[in-house]
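**Q** With the hints as extra help, turn the sequences into a complete structure.
2 protein chains.
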Amino acid sequence: MSGLEIIPIDGLPQVVPGDDLADLIGAVAHDLRDGDCLVVTQKVVSKAEGRLVDIDPSDPLGHKPLVEQESVRVLRRRGQLVISETIHGFVCANAGVDVSNVEPGQAALLPVDSDRSARGIRDRLKARRGVDVAVVVSDTFGRPWRRGVTDVAIGCAGIGAIADLRGTRDALGRELQVTEVAIVDEIASAADLVMGKSTNTAVAIVRGLDRNWFRRGNVVEEIVRDPADDLFR
Amino acid sequence: MSGLEIIPIDGLPQVVPGDDLADLIGAVAHDLRDGDCLVVTQKVVSKAEGRLVDIDPSDPLGHKPLVEQESVRVLRRRGQLVISETIHGFVCANAGVDVSNVEPGQAALLPVDSDRSARGIRDRLKARRGVDVAVVVSDTFGRPWRRGVTDVAIGCAGIGAIADLRGTRDALGRELQVTEVAIVDEIASAADLVMGKSTNTAVAIVRGLDRNWFRRGNVVEEIVRDPADDLFR
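Chains Y and X are the protein sequences, given in the same order.
Residues 14 to 246 (the numbering used here) make up the first sequence, in order.
Residues 14 to 246 (the numbering used here) make up the second sequence, in order.
Simulated from the structure, these hints should not be mistaken for lab results.
Any given hint could turn out to be false.
A pair holds if it fits inside one copy or across any two, identical chains being indistinguishable in the list.
No more than 25 Å apart at the CA atoms, straight line, and that leaves these computed lysine to any residue pairs for SDA-like [as the list claims (entries may be wrong)]:
1. Lys-77 x Ser-15
2. Lys-139 x Pro-30
3. Lys-77 x Leu-178
4. Lys-77 x Asp-242
5. Lys-77 x Leu-244
**A** The structure is reproduced here in C-alpha cells:
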C-alpha cells in the first residue's frame, strides 16, 4: 500500500445556521478528488444545522440543563463533569454539549444524526462538483484509563466505519484474531493532527486510503456498542 | 499549518530476539529526515527485545497464564476475554499478550518499558544515521463503548505524548476548555491506516508534524491515568 496525505483546508468562513456546508467546503477545497475522505469537525456541522441553543452568558453552568436533555443515561459524575450516554448512543463528557468556538451566550449540541449529515455533504458534493468523496464527521472525546483527548468519528458516509479483517491471514499465514479496525476513528484522529484546536481549521482531506474501505458506512450502526455487549456500562 | 504525509516502510525482515531494530529500520527507511516521527508496532519491538515466551502450541489457551502474570488488576472478565491493567498501567485485553504474527508455540509480551524502547531506537538512529526523529511504539487496543480496535501509543521518545493547549484561545478568542490532546495516540492511529493488519508492514513515517510537539515525551508518565483520578477503574 502506498502512503497517505493529510491536507488541512483553511479559509472556511464562520458557519451560521442555514449555511450549505457542502457549498462552503466546496468553495475552499479546490482540489477534491475521487477517493478522498473529507473530515469535517462536528462544530461546523452543528452550526450549519442550527444545533445552537441560547444560554445565560453570565452563568458558567448555563449549558448544564442541555447536558441532561441530551443524555439518556449518566454513567459517572464528578464535580461539574458528567460522563453520559447521548441520545445517539455515544458515551462522552457533557453529552457533546460544547461552548468553545461558539458565540458567547450559545452552546452547540451534537448533530441529530451525524451519519445523515455526512451523507448530505457527500451527496451534495457529488451532485454539484461531480466528485466521489467519503465524509467523516469528527468530534473530540476523552477516554477512560488514558489521559488526553483524541478525535473520533460520530458520523460517516461513503466509507465503512469498521474494516473487517476477519478471515485474513497474518504475515505467518495464521488467521488473525484482532479483526475489526475502527478506521473512521483512526481517520478522525489523523485529521486532527493538522487541525489544531485553536485555529479555524475545521476541514481536512485524507487522501490515499485503501479503496476497498469505500462503501456505505454508518458510525452509529457499526461503532456504537450494544450496551448488552459492553463490559463498562 | 501544512499537511502531513504517512509513509509505510516495507521490507523489514522477520525480527528475531537480539536484532538491533534501529539498524533494521535504518536499512529499509532510506529517506528518514529530521522532524519525522517513526511509528513502530509493538510486535517487532517485543521480538527484538526477546519478549517471547514458549507456550503449548496444541493448547488454544496456552497463553492465559501469561495474561495473569502481566496483569496487576483484572477489571472485567467475560468468557476467555480478560480486561486488565498491565504492569505498565495500560488497560487492555489480555494484558497485551498476543499470539498473532509470532511463531506457533510462542506468545509475545509487551516490552518491559516501551518509552525506553522508543528512546533506544531514536538514540541509535541519531548516533548512526545522524537523523533526529521522534519515535512512537504503537499497539492495537479495544475501547469501551465503541466497537472496533484502534492503534494507540505505548511508548514515545522525542515527542510529547500530550500537546497541552491550555491557555491558548479558540477562533473566537476565548480560552479553550478542552486542552490536552493525546497526539501520540492520534499519530499511532494515523500510521495504522497505512500498515494493514495482514501485511508485514510494521513501521511507518509520519512527516510534517508541528515541530513545537518535539520534546522529551513519555507515554506512561503523561498518558496513563492515575487510578485515583479515573472514573472507570
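**Q** Hints first: check each against the structure and report whether it holds.
**A** Hint check:
In this assembly of identical chains, the alpha carbons of Lys-77 and Ser-15 never lie at most 25 Å apart, being 46 Å within a copy and 37 Å across copies at closest. Within a single copy, Lys-139 and Pro-30 get their C-alpha atoms as close as 22 Å, which meets the 25 Å cut-off; across copies the closest is 52 Å, which misses it. In this assembly of identical chains, Lys-77 and Leu-178 lie within 25 Å of each other by CA distance solely across copies; the values are 24 Å between and 41 Å within a copy. In the homo-oligomer, the alpha carbons of Lys-77 and Asp-242 lie at most 25 Å apart only across protomers (22 Å), although the nearest pairing inside one protomer, at 30 Å, exceeds that limit.
Only between protomers do Lys-77 and Leu-244 lie at most 25 Å apart by alpha-carbon distance; the minimum there is 20 Å, versus 28 Å within a single protomer.
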